[in-house]
Amino acid sequence: MSYVDPNTVKLISKIAKGLPPDLQEELLLLVASWKTDVRNAPRWHFVEILGFTSEQGTHQGRAKNISVTGIFIQTNCHLKLGGHIHMVLSFIADSKPVSLHGHVVRQTSEGIGVKFDLTLMETHYLEKMILDYHETIR
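Just so we're aligned: 183 in the numbering used here is position 118 of the sequence shown, and the numbers increase by one with no gaps anywhere.
Any given hint could be a false lead.
Claimed, not checked - Derived DEER-like restraints, expressed as beta-carbon distance ranges: (1) 76 - 200: 45 to 51 Å; (2) 157 - 79: 48 to 54 Å; (3) 155 - 84: 17 to 23 Å; (4) 80 - 121: 24 to 30 Å; (5) 155 - 77: 37 to 43 Å; (6) 78 - 159: 39 to 45 Å.
Unchecked claim - Below, a list of computed lysine to aspartate or glutamate pairs in the EDC-like style, where the Cα atoms sit at most 16 Å apart: (7) 75 - 90; (8) 129 - 175; (9) 145 - 159; (10) 129 - 113; (11) 161 - 192; (12) 145 - 197; (13) 145 - 175; (14) 145 - 90; (15) 161 - 120.
It is worth saying that the hints were derived from the structure and are not from the lab.
This one's a predicted model, so the numbers in the text were calculated from it and none came from an experiment.
Idealized CB from N, CA, C, for every residue including glycine.
Please work from the sequences and hints to get the whole structure.
Laid out in structure tokens, this is it:
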């Protein structure tokens, strides 16, 4: 994880004020993602081809890793930061697919980072599914 000097963030935020509203919002969302890109949940290796939907339509990708807070999807589609995503994941340990909603918090040349929008109960359920999945594939 890289470090971003707080003074740099302040300077970029100041520059953003001179941009058109849509670009200003996009830049500020990007800067906000730098400050909140702290991964406090363990990541688990999770490879699955998946389809997902966004405001721009239907997309394909490949899950790379997952945690109870989010997922990284390898994809070549470009989605806006903050954009909403819906996906359905299947876990070997359970025949019932899991429907997940989230929003894009990171965009790289490799893909997108999605933070899940989950209730506490949904978070506990997802955590159980991930742990059961990893026990099954061992």
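Quick check: which numbered hints come out false for this structure? 3, 9, 12 and 15
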